[in-house]
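Novice: Each chain, letter by letter, is given below.
There are 2 protein chains.
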Amino acid sequence: NVNPDLASERQTASFSVEKLTVWLDGGVECTQMRRAMVEAIEGDPVFSRENQYFQSQNERYEAAVRKAVHLQKKMHEMGWTENGPEFKHIYRAVSGDIAFLLHRVFMKSISVLGSDKQIAKWIPLATQYQLIGSYAQTELGHGTYLQGLETTAVFDTTTQEFILNTPKISAMKWWPGDMGRSATHTVVFAQLYIHGKCYGVHPFIVQIRSLQDHSLCPGIIAGDIGPKMNFEHADNGFLMLQNVRVPRENMLNNFCEVQPDGTYTRRGSQQINYLTMTTVRISLIADEVVIPLMKACTIAIRYSVVRRQSKLKPGEEEAKILDYQTQQEKLLPQLAAAYAFHCTSDYLQQLYDKGYSEIQKNNFDMLPELHALSSGFKAIITQYCTSAVEICLRACGGHGYSLLSGLPSLYTKILASCIYEGENTILLLQTARFLIKCFMAARAGQPVPPSVTYLAAKKLGKCPARNKLDFLSPDIYTEAYQHTAMRLISSTAAKLQDLMQSGVKKHDAWNQCTVQLVQAAKAHCHYITVKNFTETVEKLEPRAGIQKIMKHLCDLFALHGIFSNAGAFLHDGYISGAQMDMVTASYLDLLPVIRKDAVPLVDAFDFTDKSLNSALGSYDGQVYQRLYEWAQKSPTNKQISPAYEKYLKPLLHNTLSKL
Amino acid sequence: NVNPDLASERQTASFSVEKLTVWLDGGVECTQMRRAMVEAIEGDPVFSRENQYFQSQNERYEAAVRKAVHLQKKMHEMGWTENGPEFKHIYRAVSGDIAFLLHRVFMKSISVLGSDKQIAKWIPLATQYQLIGSYAQTELGHGTYLQGLETTAVFDTTTQEFILNTPKISAMKWWPGDMGRSATHTVVFAQLYIHGKCYGVHPFIVQIRSLQDHSLCPGIIAGDIGPKMNFEHADNGFLMLQNVRVPRENMLNNFCEVQPDGTYTRRGSQQINYLTMTTVRISLIADEVVIPLMKACTIAIRYSVVRRQSKLKPGEEEAKILDYQTQQEKLLPQLAAAYAFHCTSDYLQQLYDKGYSEIQKNNFDMLPELHALSSGFKAIITQYCTSAVEICLRACGGHGYSLLSGLPSLYTKILASCIYEGENTILLLQTARFLIKCFMAARAGQPVPPSVTYLAAKKLGKCPARNKLDFLSPDIYTEAYQHTAMRLISSTAAKLQDLMQSGVKKHDAWNQCTVQLVQAAKAHCHYITVKNFTETVEKLEPRAGIQKIMKHLCDLFALHGIFSNAGAFLHDGYISGAQMDMVTASYLDLLPVIRKDAVPLVDAFDFTDKSLNSALGSYDGQVYQRLYEWAQKSPTNKQISPAYEKYLKPLLHNTLSKL
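One line per chain: the protein sequences are U and E, in this order. The numbering of the first sequence is the UniProt record's numbering, which starts it at 1 and goes up by one. The numbering of the second sequence is the UniProt record's numbering, which starts it at 1 and goes up by one.
So that you can see chain U by itself, here it is in the shape it has in the complex:
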């Protein structure tokens, strides 16, 4: 029973939706596997998210624990492995709404930072959930700047123990997931002191709750940090340590060790730590950012062909809101961005795989580029997609604002991605530092990593486009992006040098350039995104209409970027005002072209109704019926409010005589 306004949109697709889905998944086998897993999970009532929008933080937490425990059994039954390709699908199928995600980080950190002996002791217990782990790094007063952590671990040679303490309130661990109510153990990062000397931050396994009755261990104060903008299912916690003693063997010692007499030894490379951050940032782009944007686009675009409002022409019936240019201009660039960043995510994964195989051969050359790109892309993609989800929400008007649309929770959750795993501004400045370094090297004729070789090229004078159709040429717009990135990097490098030559100290000069450095880093990442999208489209087979529609999306993404950041392209006259009018014309011309395929383009993301969990976005488009049905389930309709008896009745009781 599909709404006819939505059904008609599916009859005119210019490409094969199924083929596009398979391409997005990375092959027929992947699509089959994903669908089979989604079916297994969605068919299991334990994983239902039906009442999610009505639940309290306590109820959400309990459901998340139930799901996590059940999932472990289910994985065993189904033969799904923890580190196989399955987890990605599981995570998508449960929409991340399970407990013990930090337990996974606990295990990961022991695997990477622990010795073989430590791994042998802790990993089997953790795998069987015979303990529940967490990862206690961030403190109330300290986030991104790890060296600033204040928790202390003092080695006591007499007892062969570390004594852990929270010296003041700002040193309290704050935010770790799974720690507020679940965890029995955690990895605590603390400043190591031996014989009064500080050796910097090290990781220690600390038991925080009794395995017998789950009560807090002696010297431990821990609890939940309370309500957040989302993540009601997660028990983000706080932890204070008061003379908590752990045995010497609880310091994770794959890379450094404390001998019984207090001798400190360090071995191996620290660079591997960067690799862990890199892999986390790359995988969150797909799982926590691009998929939520795809969902938001699906909801907003389906709703926009069901919703009718006002008239385009007098005398006609009310128009589908997606037929208004302004609505197209809100939503279609976000749809193009979802495809663009899907490609970027693949690109980063390939780059990582390549880098990782080199590292296994003890070649660390790719690490700086990998770190710089993953930092910058984490920042721009989370930022772009967060804004994009918000645009989708607003574009659905009042109904988008209802939790039942699914959009508010997508927004409040994706917003967190701008903050966690490295604050975005700090990450962009790391990318900028890499770019400035490479720029200097390139100018000095030294070799630079592949993604920045353009910094060695000569600047182009002017954009050669002569009419609006020229701006549909990937060469034309990719070069414009390249030129702009280059200009911003070189002009900021020049400002930095000027300041230092005029006597400003290095650190002050850097701080005075940071606003522009951030712009330069963004421009570089935007350029690489456009370049990679065009290259991906070129490689597509022209069959089944997919290359053609993807080319349109790529053009739209690129021209939308120029249209919205016009100043950066006009600044030195590379693009003239007259050419910018051509960009605008080509950009606006693309909107009605892509609008025709908008519904098939979101159908290809292949989200089930259960996964969208949206009254506005389901496949059948029965928007109003579903809003009404779902609203009736709200607890506000299941209880006569005590407010009537207490407050309203006394007011209203003698009105009748006066009416």
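Please keep in mind that the hints were generated in silico from the structure rather than gathered at the bench. Take these hints with a grain of salt, some might be off.
To be verified - Heads up, simulated SDA-like pairs for lysine to any residue below, C-alpha to C-alpha not over 25 Å straight-line:
| id | chain 1 | residue 1 | chain 2 | residue 2 |
| --- | --- | --- | --- | --- |
| 1 | E | LYS539 | E | ASP475 |
| 2 | U | LYS495 | E | HIS76 |
| 3 | U | LYS468 | E | ASP609 |
| 4 | U | LYS354 | U | ASP572 |
| 5 | E | LYS495 | U | LEU469 |
| 6 | U | LYS468 | E | LEU496 |
| 7 | U | LYS437 | U | ASP572 |
| 8 | U | LYS320 | E | THR138 |
| 9 | U | LYS649 | E | ALA7 |
| 10 | U | LYS658 | E | THR138 |
| 11 | E | LYS108 | E | LEU146 |
| 12 | U | LYS649 | E | ILE220 |
| 13 | U | LYS638 | E | ASP572 |
| 14 | U | LYS649 | E | ARG66 |
These numbers come from a predicted model, not from an experiment.
With chain U held as given, fit chain E onto it using these hints.
Specialist: Showing chain E alone in chain U's frame:
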């Protein structure tokens, strides 16, 4: 016990904080009145918002009803009048967190649309809360386009009644506040039919709940629409009508009437309806938009001088985050915007007062300008301030994401202002229609309203600025804004004409220009904002340092706008690339200047800690202590989760033997 990092910021203010507060309030008497009222309300435990962040939708609703009922008593006791200047202060003091706001709209609509007889009957009952009213306009399938409403009211001459019906699901009333659980009566907007002929949308008073036991009246289906992104305290409702009969005298008939025989008469001006919308839009700018932004700035700026992170210089202690250029560039333009839009809000109020006094003299000439300006400003100010609050939230990192910071609820509430009282894109297109009309008139030598006389002026060729200091001249930047608004309006008018001359039909041509029309409307409102801010600053007395700091804020607001929309200014070469570098330099130079006074500038907003309700933003800056204290009050820490017994214990029970 003020945090020393925050205390030191207050010792170096370049101006009198108290004098600035008084100026913001509009005079010493106003400040005194506001403070006395805040004290009376905050001293009353009924109005406490202490546990708000932990409450369910049901609890929030009950608290809001309790507060509303109590407020009525309190107003009577204190001698505060419903329509006096007091309500603004009350609304600010309770942060809008009370029930029966739509009851006020119910009363307003009867006062404006009802006859004297209707007013005499209903208003006294409503004033005493002997009935609770609501305002049922929006339908599930129909919002901004009122003519599309589907609810019907058929006049039955035999019984002298109107028969009201909801003919299909999309016609159900949806969203009205106070209707889901509280209201006994509502004003229903329905298509009036007499003898089979439709006379358009009219308002009818309909009883929906029993005055004896609050049960739904016969033929009424009503309830709560469920959870939203905010407004948990409000019982937004749905309403279906099935052959509900109301007597003839229940149609509000100040402007039109149905005679007993079905004869329909209309009298008076319809334009008064525009005036109601205008006054609502103008008052929401101050109450729902500018004040929340001022709160967000207060929280984020105070936190940013308490929070320390990383080092600006090696060897020094960690730096206050507000000392980083990037943090200044995030927050200080939002602070400047709060002051700018405070001035715009005053300007609109004065314009409205002038227009209203003209209308009372039966002169309706100002109405189109008033309508166009209030629409456009409602749109750009809600949009700008919503983004600004989000920037404040993100700038506080992880702690900003905690509900306890107060920022998430400010954001999720202000976001709604982009949607209600007219969807922003539609409002901007109404402004654009007015601008295009005035532009054509000006070109034809006809007179135009005062705010758009610049459309008749000759275009200036180039910006005359020769160095970065020139861009601190209000004439220079105001002219740049004027030029840009003019260019966008004239080029869009030209495109519109070209399309029509090439044979595109008027409505299609309009739709094809709407993206650019929205840009033009925004540019106009931005120009008026800058112009009004500069004029306000010029009029300030130079005493007490206030004019000087306000001049800095005005410069920052103006230059930030040019810096962020560089393309619009560079497009035709009015500002050159070299001049844009001067703008950037002056803009960045202003940041450390205003940073020095940032804390005094937010102190001047004079919010109490209770009103901010923020662990990050209170006057004493004891951020970490307060986060910890408040977190402990969370229900997640007051209950042992059933999840332990049910799910965790069975897993953990035999771990001990293995450790």
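Novice: Take the hints in turn and mark each one as holding or not.
Specialist: Taking the hints in turn, this is what the structure says about them:
{"no.": "1", "hint": "LYS539/E with ASP475/E", "in the structure": "15 Å, holds"}
{"no.": "2", "hint": "LYS495/U with HIS76/E", "in the structure": "65 Å, violated"}
{"no.": "3", "hint": "LYS468/U with ASP609/E", "in the structure": "56 Å, violated"}
{"no.": "4", "hint": "LYS354/U with ASP572/U", "in the structure": "38 Å, violated"}
{"no.": "5", "hint": "LYS495/E with LEU469/U", "in the structure": "19 Å, holds"}
{"no.": "6", "hint": "LYS468/U with LEU496/E", "in the structure": "18 Å, holds"}
{"no.": "7", "hint": "LYS437/U with ASP572/U", "in the structure": "24 Å, holds"}
{"no.": "8", "hint": "LYS320/U with THR138/E", "in the structure": "18 Å, holds"}
{"no.": "9", "hint": "LYS649/U with ALA7/E", "in the structure": "50 Å, violated"}
{"no.": "10", "hint": "LYS658/U with THR138/E", "in the structure": "30 Å, violated"}
{"no.": "11", "hint": "LYS108/E with LEU146/E", "in the structure": "19 Å, holds"}
{"no.": "12", "hint": "LYS649/U with ILE220/E", "in the structure": "20 Å, holds"}
{"no.": "13", "hint": "LYS638/U with ASP572/E", "in the structure": "62 Å, violated"}
{"no.": "14", "hint": "LYS649/U with ARG66/E", "in the structure": "12 Å, holds"}
Violated hints, listed in ascending order, are 2, 3, 4, 9, 10 and 13; each of the other numbered hints is respected by the structure.
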